[in-house]
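A.B. asks: Under the working numbering, residues 1 to 64 are what the sequence shown spells out, in order.
Worth flagging that the hints you see were computed from the coordinates, not collected in a lab. It should be emphasised that the depicted structure is a prediction, and the values quoted were computed from it without experimental measurement. Note that CB positions come from ideal geometry on N, CA and C, so glycine has one too. Please note that a few of the clues may not be correct.
[Claimed, not checked] Ranges between beta-carbon positions, derived for each pair: (1) Ser12 - Arg48: 28 to 38 Å; (2) Met51 - Ile10: 14 to 24 Å; (3) Ile5 - Phe37: 37 to 47 Å; (4) Arg48 - Ser28: 12 to 22 Å; (5) Leu33 - Ser6: 21 to 31 Å; (6) Val25 - Met51: 29 to 39 Å.
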Amino acid sequence: MFWFISHLIIYSMVMVAVVAVNMVVAPSRPWFLLILFGWCGLLILQARNVMGSRADDRQIADRP
Numbered sequence: 001m002f003w004f005i006s007h008l009i010i011y012s013m014v015m016v017a018v019v020a021v022n023m024v025v026a027p028s029r030p031w032f033l034l035i036l037f038g039w040c041g042l043l044i045l046q047a048r049n050v051m052g053s054r055a056d057d058r059q060i061a062d063r064p
C-alpha cells in the first residue's frame, strides 16, 4: 500500500508541473492529456492489484 500512495503523490505533483508547462508552451494543444490518461491507467491497474481480492488472499496466506 505504501508504494501505491507514494506513486499517487508523485503522479499528482508531476501532473501539476506537466499541465503548467503545457499551458505556458502550447495552451492551444492539450498534450498533457496523453500523459494524464496513460499514467492514470497504470495507477488504476496498480490500485486494482493492491486493493483487489488477490491482495486479501495474500494477506490471509501470509498469516502464521
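A.B. asks: Please go over all the hints and tell whether each is borne out by the structure.
C.D. replies: Hint check results:
Hint check: Ser12 to Arg48, Cβ distance near 19 Å, so the stated range 28 to 38 Å is violated. Met51 and Ile10 have their C-beta atoms about 18 Å apart, which keeps the hinted 14 to 24 Å range intact. Distance hint for Ile5 and Phe37: a CB-CB separation of about 21 Å, inconsistent with the stated range 37 to 47 Å. Arg48 and Ser28 have their C-beta atoms about 35 Å apart, which leaves the hinted 12 to 22 Å range violated.
About 24 Å separates the C-beta atoms of Leu33 and Ser6, a value consistent with the hinted range of 21 to 31 Å. In this structure, Val25 and Met51 meet the distance hint of 29 to 39 Å, their C-beta atoms being roughly 36 Å apart.
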